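There are 4 protein chains.
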Amino acid sequence: MEAARIVKINEPLEVQKLETPKPKGSQVLIKVQSAGVCHSDIHLWEGGYQGVAGQFMKTTDRGVKYPLTPGHEIAGVVDTMGEDVEGFAKNDKVLVFPWIGEGLCPACRIGEENLCDKPRSLGVYNDGGYAEYVLVPSYKYLARIGDMDTDTSAPLSCSALTAYGAVKNTSIKPSDNVVIVGAGGLGLMAMQIAKAVTGARIIAMDVNDDKLQVAKQSGADLTINSKKEDAVKAVMELTGNLGADAVIDFVNATNTVEIDMQILRRRARVVLVGLFGGALQLNLVTMPTRAYKLIGSYTGSMTDMIELISLANRGVIKPLVSNRFKLNQATEALSMLKQGKIIGRGIINP
Amino acid sequence: MEAARIVKINEPLEVQKLETPKPKGSQVLIKVQSAGVCHSDIHLWEGGYQGVAGQFMKTTDRGVKYPLTPGHEIAGVVDTMGEDVEGFAKNDKVLVFPWIGEGLCPACRIGEENLCDKPRSLGVYNDGGYAEYVLVPSYKYLARIGDMDTDTSAPLSCSALTAYGAVKNTSIKPSDNVVIVGAGGLGLMAMQIAKAVTGARIIAMDVNDDKLQVAKQSGADLTINSKKEDAVKAVMELTGNLGADAVIDFVNATNTVEIDMQILRRRARVVLVGLFGGALQLNLVTMPTRAYKLIGSYTGSMTDMIELISLANRGVIKPLVSNRFKLNQATEALSMLKQGKIIGRGIINP
Amino acid sequence: MEAARIVKINEPLEVQKLETPKPKGSQVLIKVQSAGVCHSDIHLWEGGYQGVAGQFMKTTDRGVKYPLTPGHEIAGVVDTMGEDVEGFAKNDKVLVFPWIGEGLCPACRIGEENLCDKPRSLGVYNDGGYAEYVLVPSYKYLARIGDMDTDTSAPLSCSALTAYGAVKNTSIKPSDNVVIVGAGGLGLMAMQIAKAVTGARIIAMDVNDDKLQVAKQSGADLTINSKKEDAVKAVMELTGNLGADAVIDFVNATNTVEIDMQILRRRARVVLVGLFGGALQLNLVTMPTRAYKLIGSYTGSMTDMIELISLANRGVIKPLVSNRFKLNQATEALSMLKQGKIIGRGIINP
Amino acid sequence: MEAARIVKINEPLEVQKLETPKPKGSQVLIKVQSAGVCHSDIHLWEGGYQGVAGQFMKTTDRGVKYPLTPGHEIAGVVDTMGEDVEGFAKNDKVLVFPWIGEGLCPACRIGEENLCDKPRSLGVYNDGGYAEYVLVPSYKYLARIGDMDTDTSAPLSCSALTAYGAVKNTSIKPSDNVVIVGAGGLGLMAMQIAKAVTGARIIAMDVNDDKLQVAKQSGADLTINSKKEDAVKAVMELTGNLGADAVIDFVNATNTVEIDMQILRRRARVVLVGLFGGALQLNLVTMPTRAYKLIGSYTGSMTDMIELISLANRGVIKPLVSNRFKLNQATEALSMLKQGKIIGRGIINP
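If you're matching them up, the sequences are chains Y, Z, R and G in order. Counting in the working numbering, the first sequence runs from 1 upward without gaps. Counting in the working numbering, the second sequence runs from 1 upward without gaps. Counting in the working numbering, the third sequence runs from 1 upward without gaps. Counting in the working numbering, the fourth sequence runs from 1 upward without gaps.
Derived from the structure by calculation, the hints contain no laboratory data. Just so we're clear, the structure is a prediction, and the values are computed from it rather than from any experiment. It is possible that part of the hints are untrue.
Which copy is meant is left open, because identical chains are indistinguishable; a pair holds if it fits in one copy or across any two.
Claimed, not checked - Lysine-lysine pairs mimicking DSBU-like chemistry, simulated, CA-CA at most 30 Å apart:
#, residue 1, residue 2
1, K195, K233
2, K118, K173
3, K326, K227
4, K233, K118
5, K65, K227
6, K65, K338
7, K195, K211
8, K24, K228
9, K17, K318
10, K58, K8
11, K118, K65
12, K173, K195
13, K173, K93
14, K90, K338
15, K168, K195
16, K22, K341
17, K22, K211
18, K341, K318
19, K8, K90
20, K341, K8
21, K228, K338
22, K65, K233
23, K195, K65
24, K318, K65
25, K228, K22
26, K58, K233
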């Protein structure tokens, strides 16, 4: 089979010929039809993240090994199955849950494998979906997608899942004000989800008026262009000078989080999602006196993904797919994403 | 009546003659028998807290007005009552809930007045218990203490309450490891409470071997002297190299929180309680990837206080009172506390 | 002032001249503009509820005293205020929270006064809104309604509140199936709310096709006419033979609950709301083996009501007012409601 | 290998020679050292449970097949392992989690396999631990027991687990009163656990003074002999005429639950655990007006079991093993249990 792989960091991906895996036991081989191109794939390509004080946090220090086939948003059909697989048949159309854990830690024990002590995520620690086939370690990581097409479904396993996990972490209720920072793919999906399941008042913040326009269509009640207006002042005005009950920061960079910390109502939750990185000078005494919560939010669980499929199947949420690529265009897909040229989600169809 | 008041910051408290308040409506006048001396009273005396980058956060900027009668741990007997008071009678022995809110914000609406948008706490924003009498705005802030004496009860309204609130914020379970940083009055009480209601394994951390000895008697399973040994290494060894599931930091200073952040298991909760202050360089990208939660914890609710009274009444927890003072010794009490000379709780008996 | 009062059970209400109350302390006198006519007012009129084995449970045994001015859905304007009232001004347009508790029990302590040990609800234990004026014991029970009119707002304090409380008690999530039994005023509102804040799949059940038609417009994904088809079989088919994850029964009569118990998935929650009454032969061993939960749900909290006002103000939910009456038509209003002639909500405009 | 099996209901168990299973994939063969004898094994032996109106609910209608090797409390050592097993080695001393699900239902997805739609429990739907060896479908159902012996550990997988699950379902807090009905093995363990992790006041109820004596040693604050005194009156007196905040009924028979329903405070939770069976005439209107919750509680999760092992390892709880049997004494063990002759837990050592 063919796979587009990161062989050396920052160099073009290579399309390699690999042996097609043979599933055994509970394993299932999926014929990939759609693989979403995610911003975190760029970090794998670049080999790391921005830490504090200019420090670079290497992916290899976190257990990533190259060459690697990236791609964790994988939808396709069941090809072949190990002898212990139950409940699935050849050609079943499925979405793959990629945030696989080792199964023995406290998080895995309650179905939060995405937060496992020793993660084995597909497309990160194991070969993923930028390939004709992907080997899934158990049929338990497959979910049927009903009538949806695979392109639309793929982003539900990361982009929408991360947005959903973040919304859940805010604990927002109908009378709350939530500020969503960053109206990119994840932010817009978070608005759709927050609209569908919370009833809260949504304030979208971005530096781009076009994106803020889409934000309104995605469920935002109000928008703030933080480039054009004083974001802190704007939030305080829109919240009756109380501040936001919750903030979800899909950028999570020094400058955005510094603003976040100035727009908080007492008891506010700041949900940090983005991987832009950098450092925040956190005022320690303010944490207890203002009863703030800073919450790191990382993707979501298999249960969350199944809930999203249910919402998407009934049209309650609508993932936005904007660009399609072939396997040999993987480098182009990542480059375009890096340059901010992809609105919605880019999909590789191997 | 007489009251020991902060007239000017950092100067000795003055014992002043004030008119004894007359309760009306739902108000109750309490004859103070015991007023706990709390570390946060020192901040009122000093006029503020340590912020980031050497900045000083003034109490007057947070709405405190001088002269002020401090004292928020208040136990005594009902003296006189307004005409709308129900369910209480003269001489009823009670503990006062001092963390009073304005009653209309979302926190007040669910009984978390300690987290009110516009707090009216006794001994902070209104005159408190370093006095012969204190005026409580409603009988709803009084709780009967049964057979307990007032000296033992007083710390339940702040010292033990803050410890209890912090323990709740950890969400710890029987198989978790919790590190409690600071084996002073609050830390030791947190150990007693965690022992009584969580079943978790407790690791006490302090720089003083005598305090760590008391920690063991208070419920700590293990202790670490962070002055004598490498605290990070010690925690990792005691947790099978996984890190702590939760940390409660009763110091909350730059150097303690820097250690906290190095001993965390993925998904860990860091509960920040102390008011020592300073800043932390927070690594932003680590928040989502490691799914950490930083939780500011501020005192507790009336319900929490009633639960503590129930526990203390049955001997499940035992507040430790160590020093007693008269009203005209208030300055001495605060000075001794500041110098670390009070183990357990100091009480003023007006 | 004039008030329409139940003087003797089952006899026409009398419009009496009463002295207009004078508010003191925290009390507020509200000039009633809209008072909703609720099905539970009929029980007050009839003097009781249907218990087990033909037994009649008298309202007087539960502490109700006659003559009584009913009416717990009260919207109007602030008329006069006691000297301790804060944050309100004459002519402020408000909705009254009627489910007032004594303030000292564990439920009151966390803002669930609707579940108080010793309730003092307006229109039930104290005179209510079928009157020109109503005395509210504290400004803390008032909520501003913004731009909404009082007729539309009134049902938010009971009809919609009860529906919201019931929906919350189901703990339903996007991939769950919830059956809502009874497509009357409360059931339809529950569908609107479940649609707005849960994302679950809603199955409406009733015996009336017209109501089921409205159910579809209110958010029901599917409908079952339990008179025309085998309700148990229908639910099993719609849920892939698994059964419902939750049922909300707004009738709560022997025959409806007997059906409820046959359509349950393992782990299902049955939320009992209606006051029709009667008895159920509950199979005890099935409770643990099937892990069922039977949950009695009674109105909602002040916080819930504020959340509903927020939702209604933004048009997310739309209370349906269908009939309007004058004070001297109170008996007619109750009679029409009893005969099932009011679709939506009847409102008395004193 | 030898196994003691139920071949025909109500007839003596037969010790049969069976082929020793060979583990493959993730499977593990455990050499059984201790198998607890549980009251639910008697129901398997008798072929069913008592339903409503004299009806008998057959085990075969719930999917049980005979001949069956019972035994779901299984502790032993790892014997042989399939090729995919990780993290375990031959002779590792382990406790088996028997409440295995199919893995795909919503309960399994969050680690509550004990509540699976299609359970595959060992000793119920598959052969269990009354045998020399038992085949466990995955190493994920094994938990190390540290220094504990297997006899003491075995009851942690059902007896203590069911007690723990029930205590969790009560949601009790330190100021609550909980009545525990039935001071047998499960009831006594529930008292130990409630004492260790809730801080609530525990009232034990039984008909046997000897058992109530042990109840006091197990953590009960108060006891009631419901044979000798009026149980309803006694509970009301002990709770200041308020009633219990929660009841756990380990008998769950008509007569005990009828008492339960008379001792409830508003908002009370009644947790039904026992399998004695029969029916309750449930007063429907009381459910909403009193806001009661009836909660069926069935065993517990793998996470719960791991937490219990942690508690038992540190001596916080102490399972009581009282009788030991050989494999060929299985019938005798079940008979003695049925006749109430086993205090604590009986263990089969194959």
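Status of the hints after comparison with the structure:
{"no.": "1", "hint": "K195 / K233", "in the structure": "within (24 Å within a copy, 34 Å between copies)"}
{"no.": "2", "hint": "K118 / K173", "in the structure": "between (34 Å within a copy, 21 Å between copies)"}
{"no.": "3", "hint": "K326 / K227", "in the structure": "neither (36 Å within a copy, 56 Å between copies)"}
{"no.": "4", "hint": "K233 / K118", "in the structure": "between (43 Å within a copy, 20 Å between copies)"}
{"no.": "5", "hint": "K65 / K227", "in the structure": "neither (39 Å within a copy, 39 Å between copies)"}
{"no.": "6", "hint": "K65 / K338", "in the structure": "within (22 Å within a copy, 53 Å between copies)"}
{"no.": "7", "hint": "K195 / K211", "in the structure": "both (17 Å within a copy, 27 Å between copies)"}
{"no.": "8", "hint": "K24 / K228", "in the structure": "neither (57 Å within a copy, 51 Å between copies)"}
{"no.": "9", "hint": "K17 / K318", "in the structure": "neither (35 Å within a copy, 59 Å between copies)"}
{"no.": "10", "hint": "K58 / K8", "in the structure": "within (13 Å within a copy, 54 Å between copies)"}
{"no.": "11", "hint": "K118 / K65", "in the structure": "within (15 Å within a copy, 40 Å between copies)"}
{"no.": "12", "hint": "K173 / K195", "in the structure": "both (11 Å within a copy, 15 Å between copies)"}
{"no.": "13", "hint": "K173 / K93", "in the structure": "between (35 Å within a copy, 24 Å between copies)"}
{"no.": "14", "hint": "K90 / K338", "in the structure": "neither (37 Å within a copy, 50 Å between copies)"}
{"no.": "15", "hint": "K168 / K195", "in the structure": "both (12 Å within a copy, 17 Å between copies)"}
{"no.": "16", "hint": "K22 / K341", "in the structure": "neither (38 Å within a copy, 56 Å between copies)"}
{"no.": "17", "hint": "K22 / K211", "in the structure": "neither (44 Å within a copy, 56 Å between copies)"}
{"no.": "18", "hint": "K341 / K318", "in the structure": "within (20 Å within a copy, 41 Å between copies)"}
{"no.": "19", "hint": "K8 / K90", "in the structure": "neither (36 Å within a copy, 41 Å between copies)"}
{"no.": "20", "hint": "K341 / K8", "in the structure": "within (24 Å within a copy, 61 Å between copies)"}
{"no.": "21", "hint": "K228 / K338", "in the structure": "within (24 Å within a copy, 48 Å between copies)"}
{"no.": "22", "hint": "K65 / K233", "in the structure": "between (46 Å within a copy, 27 Å between copies)"}
{"no.": "23", "hint": "K195 / K65", "in the structure": "neither (39 Å within a copy, 43 Å between copies)"}
{"no.": "24", "hint": "K318 / K65", "in the structure": "neither (34 Å within a copy, 47 Å between copies)"}
{"no.": "25", "hint": "K228 / K22", "in the structure": "neither (56 Å within a copy, 53 Å between copies)"}
{"no.": "26", "hint": "K58 / K233", "in the structure": "between (38 Å within a copy, 23 Å between copies)"}
Comparing the model with each earlier hint shows violations of hints 3, 5, 8, 9, 14, 16, 17, 19, 23, 24 and 25; every other hint is respected.
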